[in-house]
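> Can you join these two chains into the complex? Each is in its own frame, and there are hints to help.
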Amino acid sequence: MVKIHQLVAAGNIGVLWHPETSTSLLNTYTIEYRKTTRRRMQYQLGIGGAYMRSFFPNAYEVDQDGEVHSRPLGSAGYFGPTNFIGYGRYRIFPRTFQWWHVRVAGTYLIGYNAYITLYLTAELRLGFHKKPSGE
Amino acid sequence: MRSLLITLSVLTAFTSCQKTDLGGLRETIYAKNNGADMPIYVRGNGASKCFVILVHGGPGGNGLEYSVGKSQELMEEEMAFAYWDQRGQGMAQGYYTSNEVTVSQMANDLKAVVLTMKAHYGDDSKIFIMGHSWGGTLGTKFMIDSNNQQLVSGWIEADGAHDIPKLNIDGVELFRKVAAEQIAERNSTNAWTDILDWANDINTNSISVAEGGEINEKAYEAEELLLNDGVLASGDDNSYAPLLSPTNLLTSTITGNLTSGLLDPEVESTSLTDSLYKIAIPCLFLWGKYDFVVAPQLGVDAYNLVSSTDKTLVVFQESGHSPMVNEPELFAQEIIDFVEKHK
Chain A
1 MVKIHQLVAA GNIGVLWHPE TSTSLLNTYT IEYRKTTRRR MQYQLGIGGA YMRSFFPNAY
61 EVDQDGEVHS RPLGSAGYFG PTNFIGYGRY RIFPRTFQWW HVRVAGTYLI GYNAYITLYL
121 TAELRLGFHK KPSGE
Chain B
1001 MRSLLITLSV LTAFTSCQKT DLGGLRETIY AKNNGADMPI YVRGNGASKC FVILVHGGPG
1061 GNGLEYSVGK SQELMEEEMA FAYWDQRGQG MAQGYYTSNE VTVSQMANDL KAVVLTMKAH
1121 YGDDSKIFIM GHSWGGTLGT KFMIDSNNQQ LVSGWIEADG AHDIPKLNID GVELFRKVAA
1181 EQIAERNSTN AWTDILDWAN DINTNSISVA EGGEINEKAY EAEELLLNDG VLASGDDNSY
1241 APLLSPTNLL TSTITGNLTS GLLDPEVEST SLTDSLYKIA IPCLFLWGKY DFVVAPQLGV
1301 DAYNLVSSTD KTLVVFQESG HSPMVNEPEL FAQEIIDFVE KHK
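From first to last, the protein sequence lines stand for chains A and B.
Take 1 as the starting number for the first sequence in my numbering and just add one per residue.
Take 1001 as the starting number for the second sequence in my numbering and just add one per residue.
Bear in mind the hints are in silico, worked out from the structure with no lab data behind them.
It is possible that part of the hints are untrue.
Cut-off 20 Å, straight-line C-alpha distance, at most; resulting in silico cross-link-like pairs (EDC-like, lysine to aspartate or glutamate) [to be verified]: (1) B:Lys1111 with A:Glu61; (2) B:Lys1289 with B:Glu1217; (3) B:Lys1177 with B:Glu1211; (4) B:Lys1177 with B:Glu1221; (5) B:Lys1341 with B:Glu1329; (6) B:Lys1111 with A:Glu67; (7) B:Lys1166 with B:Glu1214; (8) B:Lys1118 with A:Glu67; (9) B:Lys1118 with A:Glu32; (10) B:Lys1111 with A:Asp65; (11) B:Lys1126 with B:Glu1078; (12) B:Lys1311 with B:Asp1301; (13) B:Lys1118 with A:Asp63; (14) B:Lys1126 with A:Glu67; (15) A:Lys3 with A:Glu32; (16) B:Lys1111 with A:Glu32; (17) B:Lys1070 with B:Asp1301; (18) B:Lys1341 with B:Glu1078; (19) B:Lys1118 with A:Asp65; (20) B:Lys1166 with B:Glu1211; (21) B:Lys1118 with B:Glu1078.
Facing chain B, according to a computed beta carbon distance under 10 Å, are these residues of chain A, among others [as the list claims (entries may be wrong)]: (22) Gln64; (23) Val68; (24) Gly77; (25) Pro81; (26) Leu120.
The C-beta atom is built at its ideal place from N, Cα and C for all residues, glycine as well.
Isolated chain B, as found in the complex (with noise of 0.2 Å):
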C-alpha cells in the first residue's frame, strides 16, 4: 500500500508539468466544487499576473478549444488565460448527480474556480472572466449572483448568449436584414432568397425550441455564404486544434452531449437582460456584426444596461460568431488594451 501511494504521488507530481518560469507558464491545476473535478489548463504570461479565465460555449463544449490561433498566441504573451472545462464537459469528472447540472451550480463553479485561481497564485493576482456564445450566459449569471464580481477586475463579454429567448428573436431580424442586403448586392442570391423565405415565416412571438435549433443550423450555414462571398474575414484556420489536444474527443463528446440535454430545457429559457444592471465592474463587449447565432442587438443591449461606468463596446464588421477566428488582431488587442487599462 505504501508502495503504491508513493508511485501514485510520483505520478501526481510527474502530471503537474509546471514551469518555474512563469512567463511561459503551462500548466493544470483542478478545482474541486460540490463533485466536480474540473480541469484549468494554465497557460501565456504567467509572470503578469493576469488571468483571463475562459468560459466556454456550448453547453457541451470545451476550454482547449479556444486555445490556438493568432488572438490566443497574441495574448498569451501579455497575460495568462485560463482554460477552464466547465463540469460534464470537456475532460471535467466528479460524482455528482444530475440535479446538480443547471446553470447556478455552474455559475458557483465559476466562482469556485476564481477562488482556486487565486489560491494558487496569489490574492494579488487580477482576475478577468471572458465568457463566449454560452459562456456568456455562465459569465453574466455569475456577474449578478451575490458580490462575485467583486473578485474580479473585469468582464468580457464575447457573443454572449445572456438572453435565449431574446437571441431567438434579434437572430431572426438579422437574418431579415441581411439576406436583403446579400440579395441586393447579388452574393449568393439564390441562397439568400431561401434564407429570407425561411425567415419571413417565422413568427417571432412564438418561437419553438425546434425552431430555436433551426436559427442555430442557418447562422453557421449563413456565415458559410458570407465567408464565401468574402463578406467575412477568413482569418484562422483551427480545424486542427482538436487533434493537437489533451482532451479527449470521444468522452468529451458524450458527455458535452449529455450535459448539453440536460441543460437545454434550463438554457433555453434563460433570460438575464433585467439584472444587467447589476454589473458594475469594467465591460468589455465584443461583437460579431454578422452573428446570427447572438444577434449584436444583445451587446448593445448589454452595453446600455450594465451600470459600469467603464464600459466599451466593439463590433468587428468581418465577423461572424466568433470574431477570435475572424478577425484575430483586432480582437486580441481589444482585450490586451482592456486588461492593461484595468489590472
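One chain only, chain A, in its complex shape (with noise of 0.2 Å):
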C-alpha cells in the first residue's frame, strides 16, 4: 500500500438550529488536500469561502420613522473566508463504513456585528457507501 496525496474540490452546505435562536445555513466551497497514509489515516486541510445565511423567528424591522414591520423570514446573510484541518481513518476498498474524519473548521464571517467573525465548527464526518455487490 502506498501513500495517496489528493486535491479535491468539494462543496458543503450545513445547517445550524437550535429551536431559542436562529437557524442558519453555512455553506463552503472549498480546495482540499488529503493525505492518506500507509496506515490508512488521512490528513486533511482545506481553504476556501463560505456564505451563511441565518434566518430569525418572529422577526420585526423598524424604519427610521418608528414604524414597525413584520419580516416574516427575516435573515442577515455573511461572506467569508473559511479553512479547515481534519484527522480520520480512509478504507481504500470498498466498505459499507467506508469513512470517518474528524474536522474543525473556522470561517471569518465580514461584517457580522460590524466585524470580521470568526465562526468555529467541529464536525464529525461519516462516509457510507452502498455495499459493493459480490461481497
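Shown next as C-alpha cells:
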C-alpha cells in the first residue's frame, strides 16, 4: 500500500439550528488537500470561501420613522474565507462504512456584528457507501 | 428554489416555539434596527400583559445571563421578562459598521425593542425597563432621549452605571470606608489593609482609564472577601447557567469583547447625572450596599435628581453589585410590588 495524495474541490451545506435562536445555513466551497498514510489514516487541510445565511423567527423591522413591520422570513447573510483541518480513517477498498473523520473549521464572517467574526465548527463526518455487490 | 423556501419556512416555524398559553410564555422574537438583528427571549407570565425588558450589563454580556435564579423564578410567575441581547452581544447578529456601535444607537435599539414588543404583544401591553450595571447607562440614555419614556410604564435601575466618571470616584470612597470598617471588625484584615492602601493611593481628582479597570477588578475581589466573611448573603449559585443557555459562549465572547472594545472610549466618559431631571415616570432604584462597581451613592443621586413624583430607592443590606443574586427574594418582591402598582 502506498501513500496517497489528493487535491479535491468540495462543496458543503450545513444547518445550524437551535429552537430558541436563529436557524443558519452554512455553505462552504473548498479546495482540500488529503493525505492518506500507509496505515490508512487521513490528514486533511482545506481553504476556501463560505456563505452563511441566518433566518430569524418572529422578526420585526423598525424603520427610520419608528414604524414596525413584520418580517416573516427575516434574515441576514455573511461571506467570508474558511479553512479547516481534519483527521480520520479512510478505507481504500469498498466497504459499507468507508470512512470517518473529524474536522475543525474556522470561518471568518465578514461584517458579522460590524467585525470579522471567527465562527468555529467541529464536525464528525461519516462516509457510508452502498455495500459493493459480490461481498 | 420553491422547495428551498418551503423548507426554510417550516424550519422557521419550528424555531418560533410559541406556546398558545401565554401564562407560561417562552418564545423568541427578533428586532431588526439599523442593521442589527437582536433576539429577545420572552419568558414568564405573558397573560399578565406586563413585560419587563431586561437591559443586560457589560458591555459584552447577554440577556439570558439574567434568566436563571430564584428572583427570576418568582418574578416570571407574576409577569414576563424580555431578555434582550444588545447589538453586537450575545446571539445578536447583523451587518453594520463600527460607526453604528454607539451609546445613542444602542438607546435607539432599545426603543426599537419596546416598539417590537408592543407590535407583537399588543399596544395594551405594559412595558417596564430594568437596567443592570451597563444596562443602567443604556436605560438612562433611553429615558432621557426625546419622548421615549412615554412608551413605558416604569424605569427600574438596578446598580446602574449612569455616570461612569462619578462611579469610579464614589467606588474609591466606598473602598476606603468599608475597608476601615472591616479592619475594625477584624474580618480578613490583611486583605482589607492592602485594599485600603491601594484605595488611599488613588487620586480621585484624576482617575485614569487603567485605574477605572483596576477599580472594577478590585470590586469583585472585595465582594468575595465579604461573601467569605458572611457580610454578603450567599444567595443563588448561578454558575452553571451558561451551560444551559442557548447562547453560544464562543461567539458571544468574541463579539461581546469586540463590541465592548469599540464602546469603551465613549462609555468611560459617559455622564448622565445632569440629565436625570428629564425622567418623570415612576422609578425604582435598587442597589447593593456593598456595590463597589457602581456605588450606592449613584442610586441616591438618581433618586434625588429624577423629577418623578413616584420613586423608590431600596438599598439591600447584604448585597454587592448583583442584589438579584445575593438577596433574590427581597429583590423580586420589590419589582413585583412596583410592577403591580404601575401596570
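> Tell me, which hint numbers fail for this structure?
9, 16, 17 and 25
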